[in-house]
Structures are given as C-alpha cells and as structure tokens.
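Please model the entire structure based on the sequences and the hints provided.
In our numbering, the protein residues as written are 1 to 529.
Hints in this document: simulated from the structure, not taken from any laboratory.
All C-beta atoms in this analysis are idealised placements derived from N, C-alpha and C, irrespective of residue type, glycine included.
Some hints here could point you the wrong way.
[Stated by the list, open to error] Derived pair list, reagent style PhoX-like, types lysine-lysine, alpha-carbon separation capped at 25 Å: (1) Lys333 with Lys214; (2) Lys277 with Lys234; (3) Lys370 with Lys343; (4) Lys110 with Lys234; (5) Lys370 with Lys333; (6) Lys337 with Lys171; (7) Lys234 with Lys214; (8) Lys278 with Lys370; (9) Lys343 with Lys29; (10) Lys32 with Lys234; (11) Lys214 with Lys329; (12) Lys234 with Lys282; (13) Lys329 with Lys37; (14) Lys214 with Lys337; (15) Lys171 with Lys110; (16) Lys333 with Lys278; (17) Lys214 with Lys278; (18) Lys246 with Lys32; (19) Lys282 with Lys214; (20) Lys246 with Lys234; (21) Lys277 with Lys329; (22) Lys329 with Lys342.
[Said to hold, decoys possible] With beta-carbon atoms standing in for the labels, derived distance ranges: (23) Ala366 with Asn184: 46 to 56 Å; (24) Pro372 with Lys278: 54 to 64 Å; (25) Ser115 with Trp83: 17 to 27 Å; (26) Phe130 with Asp27: 16 to 26 Å; (27) Trp83 with Trp338: 26 to 36 Å; (28) Ser115 with Ala248: 15 to 25 Å.
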Amino acid sequence: MPPQRVFALPRQKSLFLPAVLNPFVHDLKLTKADQIKCFLLGIILVPLRSIFLILVLMVMWPVAAMITFRQPLKGTVEPMTGWRRFMCQRVFTFLGRMYFFGMGFRVVVKGKQASSVEAPILAVAPHSSFFDAIVCIEAGLPSTVSRSESLEAPIFGRFLRCVQPVLVSRKDPDSRRNTILEINRRAQSEGRWPQMIIFPEGTCTNRSCLITFKQGAFVPGVPVQPVLIRYPNKLDTVTWTWQGPKSARLLLLTLCQLYTTVEIEFLPPHIPTETEKKSPTKFAQSVRAAMAESLGLLVTDHTYEDCRLMIAAGELTLPMEAGLVEFTKISRKLELKWDNVKKELQSFANIACSCKGGRITIEEFASFLKLPISPALQELFALFDRNGDGTIDFREYVIGVTVLCRPANNEDVIQTAFKLFDIDEDNCITREEFSSLLRSALGVCDLDVHSLFTEIDADGSGHITYDEFRSFALTHPEYAKLFTTYIELQRYQAFQGEESDFDAAFSECCNASHDDYQEDSQTSDKKDD
Numbered sequence: 001m002p003p004q005r006v007f008a009l010p011r012q013k014s015l016f017l018p019a020v021l022n023p024f025v026h027d028l029k030l031t032k033a034d035q036i037k038c039f040l041l042g043i044i045l046v047p048l049r050s051i052f053l054i055l056v057l058m059v060m061w062p063v064a065a066m067i068t069f070r071q072p073l074k075g076t077v078e079p080m081t082g083w084r085r086f087m088c089q090r091v092f093t094f095l096g097r098m099y100f101f102g103m104g105f106r107v108v109v110k111g112k113q114a115s116s117v118e119a120p121i122l123a124v125a126p127h128s129s130f131f132d133a134i135v136c137i138e139a140g141l142p143s144t145v146s147r148s149e150s151l152e153a154p155i156f157g158r159f160l161r162c163v164q165p166v167l168v169s170r171k172d173p174d175s176r177r178n179t180i181l182e183i184n185r186r187a188q189s190e191g192r193w194p195q196m197i198i199f200p201e202g203t204c205t206n207r208s209c210l211i212t213f214k215q216g217a218f219v220p221g222v223p224v225q226p227v228l229i230r231y232p233n234k235l236d237t238v239t240w241t242w243q244g245p246k247s248a249r250l251l252l253l254t255l256c257q258l259y260t261t262v263e264i265e266f267l268p269p270h271i272p273t274e275t276e277k278k279s280p281t282k283f284a285q286s287v288r289a290a291m292a293e294s295l296g297l298l299v300t301d302h303t304y305e306d307c308r309l310m311i312a313a314g315e316l317t318l319p320m321e322a323g324l325v326e327f328t329k330i331s332r333k334l335e336l337k338w339d340n341v342k343k344e345l346q347s348f349a350n351i352a353c354s355c356k357g358g359r360i361t362i363e364e365f366a367s368f369l370k371l372p373i374s375p376a377l378q379e380l381f382a383l384f385d386r387n388g389d390g391t392i393d394f395r396e397y398v399i400g401v402t403v404l405c406r407p408a409n410n411e412d413v414i415q416t417a418f419k420l421f422d423i424d425e426d427n428c429i430t431r432e433e434f435s436s437l438l439r440s441a442l443g444v445c446d447l448d449v450h451s452l453f454t455e456i457d458a459d460g461s462g463h464i465t466y467d468e469f470r471s472f473a474l475t476h477p478e479y480a481k482l483f484t485t486y487i488e489l490q491r492y493q494a495f496q497g498e499e500s501d502f503d504a505a506f507s508e509c510c511n512a513s514h515d516d517y518q519e520d521s522q523t524s525d526k527k528d529d
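In structure tokens form, the structure reads like this:
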C-alpha cells in the first residue's frame, strides 16, 4: 500500500503561542463620567497635592544630603551604620510615606517582612509602574540595583544615594559581572547589609502575567522573599507600559483620584534546594511559579529583549507587537541570540512592510520569492503558518526559517538543485534552463523569471555560476525548503502512480517534461518542528 502523505506536521507544544500575547500594552479608556470626575477632583486635588509634595521634598532633600554627606559611591562601599542608618531607615522612610500619602496612595500591607538574615533579597512582582517604588518605602528602604546615570538626576538622584544602590553602567563592559559579584557580596553578609530589593522581571508589564525572571536575584543562592504588588482600583491610572499612556499623563490622572489603593503582600521566604542553588534559572522559575499561583496569573517567556524587538519593529514601520516572540523561549529552543532575531525581523519586514497588521499572506510570500502560487509553495507556506490562520506572523517566520529552511539549506541540497537546473551539464545555468525547470516544477507556462534570474546573476553575465547560485541560496534559505518540498511532492505523487498536476499542466501547455530530473533528486531533509 503506497505511503500516505501527511500535510499537517505535529507541533512542539513548547513553541505554541503564549497564553498572553502582549503583556506590554495598556489601553487606558476614560468614559465621559471618568473624565468629568477627574476634572472636578483635579481642580481641587492637584494644586493642594502639588503644594504638599513640594513641601515634603523641601524637607527630604536636606535630610538626604545629611545622610549621604561624604559617603563614597564607588570602590569598596560599606553599609551605613549608626545615626546614618537610623536617619535612613526611620526618618527618610517616614518622609517617603508622607510623599506617597500626598499623592493619594492608600497602602495595605499583608504578610510579614522577613529580616535581612532570614531573606537577604526581596523579589517584587509584577512590576508595572514607576509608582512601584512605594514598595521600597514600605520595606524600609532596602538597597536596589540602579543605573549609574540615575544618580545624576536632580533631587531624586540624591534620594537614590541614601539606599546605597548597586550601580550598573552601560559604558563598563564588566558591569554585568561586577553587579552579580556585588549582589552576591551583600546577600551573603549575614545581616551587615540591609536587604536588597529587586524587580526580577526587569521591565514593566500590564500585570496580566508574570514574564521571565532575570537571574540576578537568584545567583547568590540565598533565601528570597517574594513580594506581591497589586493595584485593585476601578480606574487603572498607574500601569506604565511600552504601549500605553505617557508617564506625565498617568501622574496627572493619579493625582486627580480621591485615593489610589496599593496592596503589598509579603509571602514566606523561599529557601532554595541544593538543585536551585546550583541553577539560578530553576530557582527563579520556582519563585515565579509560587508568585503566579498567589496572584492567580499565568506565566510567559517574554522578557526585556521582546521590548527591544518591539521598538525595532516600530522603526521598521511594523506594528510594535509584531516583534513579540517570547525571546527567552525562542532563543533557548532555537539557539538564537538577540542579534540573530533582530536580523530575521529585518528580513520579515522586507516581506511584510506592505501588508497591514504585520502579517504575511500567501500572495505576499509568493511575491517576495518572485514566484507564482504553486502546490510546493502552498505547502511551504502551510509549514510556516503554525496556527493555520492563513497568515505568517514574525514568531512563525523565525521558527520556520530556523527549523525548516536553514537545515534544508546545506551543500548537498544546493548541489542537487544546481545540477537539476544545469540541464546541459556545462557548470552554468542559462536563462532558458532556469525558466524551463521552474515552469515545469510550478506548472506555469508563461512564468516570468527575469527578476529572480537577474537577482541571482550577480555579475550580470547572462548565466548563473555555481558560486553565484550558492551565494544566493545561503542568504535566501526559503528557496532551499521550497525545493525540497517540491521534491517530496514529486516523490509522493510517484508513489501514488499519478502524474503530477504541475507536470500535466506543463505538458498540455508547453509539450515538455522533466521527469528525468525527478529520478536524480535526493532525499529531503524536512525536519519536523
């Protein structure tokens, strides 16, 4: 019994779409009633609160200057002791609470904060706003991780110095390693240093899920206390994401609210197992799972690199969300680095720039390949289209190119394809040979291959050498998979004892056949994804 061809390949569940497609978008919609309410309250509250906040800042700055007077920021930094530590943990914390009270925040604290000996590190999630700094105030001003440039900010730069942050510098190539070493040194100081507070997500989300936790807080292998933050308000004026309202608008709307509730919950410290101590990734995953369960949220493998890809997509005139691929999962599964994925995004944009919504249809796919829609091209498109919606998004494109096309684009396939085109075996492909085989393979008698031939014929000599053919194939892996798909279709139809549809169409129109070349074709290397 002849083998049955299977068109729908099994998909790895690990590469399915995430439960939350875009955790970096916040669509703030104000009803007419909300707008009227904000306007009426804002007339009264905004001036009063602004005056109060300025007065509090006028007291906080000299206190901060006193605490940080002659305190080194670089080199071997030692923890504050004596009156400085008292001023920071008591006086400055009180002033910080007054500042957030002045903005209208009503803080509800649940659970009990562990000591620095019990849990040297506090991991806070979900991180969704610049207002999340209120957790630092309620936790007694623990140390943070901050960019060195933040210290240059007027007023607030001085406030930041009070918590003796671990500084990260973009200009220092060793900054990442030094940051990990410093976190490790403080975490293992057995209480000499105050606790460290870290937002392991590394960027703001809309609190619809917990994205990938970065490993910094989990490398020391010490107990970590998870801290949950919620904003259970009817009108969300605090969420600050990559796609959403600007910070100034959110601040103004928050000041216009009668009050804004924030809930801070301290979960029991998570003591790592021996396996988790050796694997920061597993440690981070365990803590994230516990926090997600308490929050009732899903987890995804998005990360800050997805945000960078969103920005890159916007610069390429694609919708920003087109760049979301769950970078952590894609990079791990497909062994891709950020630069590789960004390069694929540029290739994707070349195809999708003319379409709406940042998705490729089969017509645009065929136009990019400079070929008509044929059975082989339809099957290749179906392999890319993982969810079967008739379009290819960027995530599907990256997976398709990496899993399907690049493995098929090897020397054996390239040599076999060149031999099939080189009918007279003179080590070069003429325009006639090129168009003849493509017409036969695609079943189109009046196929115009001028633009594709010209693109491959780099020196414009009128014929394609093997070096030119190979160079083009290596930079356009889609053609390799299209070629192997065509070979597979030919074999399948030969097993069925039927004449291929495209060869039949060619025979009727052009009275020619290329069955001889079918016998020489080699085994395809289709790779189930």
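Hints and how they fare:
1. Lys333 with Lys214: This hinted pair holds, its Cα atoms lying about 18 Å apart.
2. Lys277 with Lys234: At roughly 41 Å apart (the allowed maximum being 25 Å), Lys234 and Lys277 break the hint.
3. Lys370 with Lys343: holds (21 Å)
4. Lys110 with Lys234: Holds, at roughly 21 Å.
5. Lys370 with Lys333: violated (31 Å)
6. Lys337 with Lys171: holds (21 Å)
7. Lys234 with Lys214: violated (31 Å)
8. Lys278 with Lys370: Distance ~52 Å between Lys278 and Lys370 Cα, so the pair is violated.
9. Lys343 with Lys29: Violated - the C-alpha atoms of Lys29 and Lys343 are around 36 Å apart, more than 25 Å.
10. Lys32 with Lys234: OK: Lys32 and Lys234 at ~15 Å, within 25 Å.
11. Lys214 with Lys329: holds (13 Å)
12. Lys234 with Lys282: violated (36 Å)
13. Lys329 with Lys37: Outside the cut-off at roughly 44 Å; violated.
14. Lys214 with Lys337: Roughly 16 Å separates the two Cα atoms, so the pair holds.
15. Lys171 with Lys110: violated (40 Å)
16. Lys333 with Lys278: Distance of about 21 Å is within 25 Å: holds.
17. Lys214 with Lys278: Holds: Lys214 and Lys278 sit about 15 Å apart, inside 25 Å.
18. Lys246 with Lys32: holds (20 Å)
19. Lys282 with Lys214: holds (11 Å)
20. Lys246 with Lys234: With a Cα-Cα distance of about 20 Å, the restraint between Lys246 and Lys234 holds, given a limit of 25 Å.
21. Lys277 with Lys329: Answer holds: Lys277 to Lys329 is near 22 Å, not above 25 Å.
22. Lys329 with Lys342: Measuring from Cα to Cα gives roughly 15 Å; hence the hint holds.
23. Ala366 with Asn184: 46 to 56 Å: holds (55 Å)
24. Pro372 with Lys278: 54 to 64 Å: holds (56 Å)
25. Ser115 with Trp83: 17 to 27 Å: This hint holds: roughly 21 Å between Cβ atoms.
26. Phe130 with Asp27: 16 to 26 Å: holds (19 Å)
27. Trp83 with Trp338: 26 to 36 Å: This hint is violated: roughly 47 Å between Cβ atoms.
28. Ser115 with Ala248: 15 to 25 Å: violated (39 Å)
In this structure, the earlier hints numbered 2, 5, 7, 8, 9, 12, 13, 15, 27, 28 are contradicted, and the remaining ones agree with it.
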